[in-house]
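*Asks:* For reference, the chains in residue letters:
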Amino acid sequence: MHHRDISLDVVLDIYTRVLRIRRFEEEVARLFRQGQLPGFVHLYIGEEAVAAGVCAALTNEDTIVSTHRGHGHVIAKGGDIKRMMAELFGKATGYCKGKGGSMHIADFGIGMLGAIGIVGGGLPIAVGAGLSAWYTGSDRVSVCFFGDGAANEGSFHESLNLASTLALPVIFVCENNQYGEFTPAANAMNITDIADRAVAYGIPGVVADGVDALEMHRITRAAVKRARAGGGPTLIEAKTHRRGSHAEGEEAFLGGQTYRDEAETAAAQANDPLLLLHTYVSEQDIAPAERLETLDADITRLVAEAVAAARNSPEPGIETVFEDLWL
Amino acid sequence: MPRKTYVAAIQEALAEEMRRDSRVFLIGEDVRIGVFPSTRGLHAEFGNQRVIDTPISELAVAGAGIGAAITGLRPIVDLMFGTFLYLAFDQIANQAGAMRYMYGGQTMAPLVFMAQNGAGSSAGHHHSQAVHQFFMNMPQIKVILPSTPYDGKGLLKSAIRDDNPVLFLHSLALGGKRGDVPAEEYLIPIGLADIKRAGRDVTICSAGPTVQTALDAAKILEGEGVDAEVIDLRSLSPWDKGTVLASVAKTGRFVAVDESFPTCSAASEWCATVAEEAFHQLRAPVQRVTNKDVPMPFSPVLEQAALPSAADVIAAVRETLA
Numbered sequence: 001m002h003h004r005d006i007s008l009d010v011v012l013d014i015y016t017r018v019l020r021i022r023r024f025e026e027e028v029a030r031l032f033r034q035g036q037l038p039g040f041v042h043l044y045i046g047e048e049a050v051a052a053g054v055c056a057a058l059t060n061e062d063t064i065v066s067t068h069r070g071h072g073h074v075i076a077k078g079g080d081i082k083r084m085m086a087e088l089f090g091k092a093t094g095y096c097k098g099k100g101g102s103m104h105i106a107d108f109g110i111g112m113l114g115a116i117g118i119v120g121g122g123l124p125i126a127v128g129a130g131l132s133a134w135y136t137g138s139d140r141v142s143v144c145f146f147g148d149g150a151a152n153e154g155s156f157h158e159s160l161n162l163a164s165t166l167a168l169p170v171i172f173v174c175e176n177n178q179y180g181e182f183t184p185a186a187n188a189m190n191i192t193d194i195a196d197r198a199v200a201y202g203i204p205g206v207v208a209d210g211v212d213a214l215e216m217h218r219i220t221r222a223a224v225k226r227a228r229a230g231g232g233p234t235l236i237e238a239k240t241h242r243r244g245s246h247a248e249g250e251e252a253f254l255g256g257q258t259y260r261d262e263a264e265t266a267a268a269q270a271n272d273p274l275l276l277l278h279t280y281v282s283e284q285d286i287a288p289a290e291r292l293e294t295l296d297a298d299i300t301r302l303v304a305e306a307v308a309a310a311r312n313s314p315e316p317g318i319e320t321v322f323e324d325l326w327l
Numbered sequence: 001m002p003r004k005t006y007v008a009a010i011q012e013a014l015a016e017e018m019r020r021d022s023r024v025f026l027i028g029e030d031v032r033i034g035v036f037p038s039t040r041g042l043h044a045e046f047g048n049q050r051v052i053d054t055p056i057s058e059l060a061v062a063g064a065g066i067g068a069a070i071t072g073l074r075p076i077v078d079l080m081f082g083t084f085l086y087l088a089f090d091q092i093a094n095q096a097g098a099m100r101y102m103y104g105g106q107t108m109a110p111l112v113f114m115a116q117n118g119a120g121s122s123a124g125h126h127h128s129q130a131v132h133q134f135f136m137n138m139p140q141i142k143v144i145l146p147s148t149p150y151d152g153k154g155l156l157k158s159a160i161r162d163d164n165p166v167l168f169l170h171s172l173a174l175g176g177k178r179g180d181v182p183a184e185e186y187l188i189p190i191g192l193a194d195i196k197r198a199g200r201d202v203t204i205c206s207a208g209p210t211v212q213t214a215l216d217a218a219k220i221l222e223g224e225g226v227d228a229e230v231i232d233l234r235s236l237s238p239w240d241k242g243t244v245l246a247s248v249a250k251t252g253r254f255v256a257v258d259e260s261f262p263t264c265s266a267a268s269e270w271c272a273t274v275a276e277e278a279f280h281q282l283r284a285p286v287q288r289v290t291n292k293d294v295p296m297p298f299s300p301v302l303e304q305a306a307l308p309s310a311a312d313v314i315a316a317v318r319e320t321l322a
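Keeping their order, the protein sequence lines are chains A and B. Take 1 as the starting number for the first sequence in the numbering used here and just add one per residue. Take 1 as the starting number for the second sequence in the numbering used here and just add one per residue.
Just so you know, the hints here were simulated from the structure itself, not pulled from any lab data. Mixed in with the good hints, there may be bad ones.
[To be verified] The following residues of chain A were derived to be distant from chain B, with all beta-carbon distances above 10 Å: (1) Arg30; (2) Phe40; (3) His68; (4) Gly128; (5) Val199; (6) Gly244; (7) Asn271; (8) Glu293; (9) Ile299.
[Unchecked claim] Covered by chain A, according to a simulated footprint, are these stretches of chain B (three or more residues, beta-carbon under 8 Å): (10) 41-55; (11) 65-77; (12) 103-114; (13) 215-222.
Backbone N, C-alpha and C define an ideal beta-carbon position, used for all residues, glycine too.
Throw the hints in and build the complete structure from the sequences for me.
*Replies:* In structure tokens form, the structure reads like this:
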């Protein structure tokens with residue numbers, strides 16, 4: 001498929017975002033397996049096209065709200081990999097000084113208003129960010145990432161309805177990765193497309209191929225344009241696939257049980273967002289192979305440096321447990 | 001000094017702060033009409049943009065307030081009845097109070113959640129519960145429960161100017177109560193108690209409607225030769241331990257009067273603190289006077305029976321004197 005409406009620079013930018021997320025997450029998976037990371041990590045591998053395509057349609061001032069599976073959103077919005085990695089290690093140099101961890105990374109300087117660990121918890125907050133833009137007369141838009149699981153929460157209904165009735169500039173991006181924890185999305189709802197629910201709120205609902213970063217970008221661009229013009233919210237359902245586990249090390253919760261069939265996993269692996277974009281970039285001759293290889297090597301080195309820096313960073317001082325309280 | 005009702009004083013605080021700061025706005029169900037009517041008349045002055053009616057969606061409205069607060073505004077989220085806060089629990093407990101800390105100090109959430117707290121209108125369990133004790137348990141949520149028009153206005157103005165999330169609870173039972181409210185501007189700092197009646201023999205600690213219960217009891221006790229000191233905490237989180245402990249150091253007796261369900265009530269916290277920090281000054285065990293441990297009943301007679309009464313307070317004071 002051709003994407004002539006997306007400039008080559010933008011394609012390369014999106015490709016870079018996808019690759020940064022992939023290499024970061026692969027490293028996080030390794031670190032977790034080696035027992036180097038405290039807590040839980042939820043990886044975004046297989047879903048990179050969504051965050052990259054969406055965030056490439058936003059400015060620095062536009063805001064996003066993220067989920068427990070949030071690393072990709074931070075990176076796609078322009079987050080600092082070093083501060084992210086340090087936060088995953090719980091170090092003082094992390095984004096949240098070790099108080100948030102993997103599920104609570106935020107970077108207010110780039111409009112990343114925070115990852116929220118509660119499924120559906122971010123939707124109302126994103127509505128508030130949209131309310132803020134509306135109130136101040138700014139043309140800023142607010143994007144909310146959430147999963148298929150969150151679409152079954154009451155907060156989804158309340159938030160979409162509220163944003164619709166007030167005609168707020170909010171873009172609801174549902175990452176339908178086919179699983180709510182271990183339960184197939186199909187077992188948790190009797191409809192095929194979550195986007196259909198938009199009808200109930202009188203807003204546009206669009207199904208997007210969440211594996212295709214450029215399609216994600218194009219659809220988001222239209223929703224952003226509409227929101228900036230005062231046209232109100234859009235619900236975008238990105239059909240994607242969670243490549244790996246719900247949480248790394250999930251075997252510990254499964255007690256030997258399985259919940260996916262291998263054919264499905266194999267099919268998803270073949271339909272890989274990075275591979276798809278790489279093929280397009282190569283076929284369209286957007287960048288020479290050597291340049292892509294250099295890019296990959298640079299990102300890999302950046303991630304390795306982030307790990308080294310995180311390891312060498314100090315633990316938070318015990319006294320900081322009483323910092324960042326009431327102003 | 002002008003005499004105003006409790007609810008009029010609250011309305012005045014809202015109007016003054018909205019005039020003072022264009023980032024302050026009011027959002028909630030039927031805030032234009034003003035059900036209680038603490039928000040009545042504000043829409044006429046401030047219009048649709050600053051007095052925002054919403055669908056009945058407590059969770060989303062509370063969260064929208066948070067989202068607006070962390071992006072530079074100062075929302076007042078009116079959730080109407082305290083019991084409706086249960087519907088917004090996730091946003092208040094998981095997000096509002098924790099955000100600043102969780103994100104390493106990158107943000108602040110300067111917003112006020114406002115709701116009516118407690119019983120007194122015979123509205124049954126779903127519209128008659130006091131809920132302050134739940135929020136006292138949550139880190140980094142300030143909780144205010146004023147008992148007079150003067151305190152209500154001064155504390156609400158402070159709450160709106162505060163850079164942190166504040167739960168401002170007002171009492172429907174006190175709505176029509178009149179009191180002196182100065183014409184000139186004033187603020188009351190959050191976290192400062194007020195001694196509503198000075199006394200030597202026993203410390204009675206209270207907040208909101210139980211302040212009057214305590215004062216009624218103190219008057220009767222006076223006839224028996226017992227001189228009770230009545231403390232109105234006004235703020236429940238943070239709360240003024242200093243004033244309470246100083247009073248106990250003087251009286252040696254402590255009775256906590258609180259409209260909460262008894263287990264883990266606000267009174268439990270006050271009593272635990274006094275027992276921990278003033279044990280050697282106590283001449284008698286601490287006493288708790290709370291709601292009875294039942295859902296709130298409808299019948300006016302039963303509702304009164306379920307609430308802490310002056311007779312309950314007098315009985316508790318007598319225990320400390322026995």
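*Asks:* What hints, given by number in increasing order, does this structure fail?
*Replies:* Those not satisfied are hints 4 and 13.
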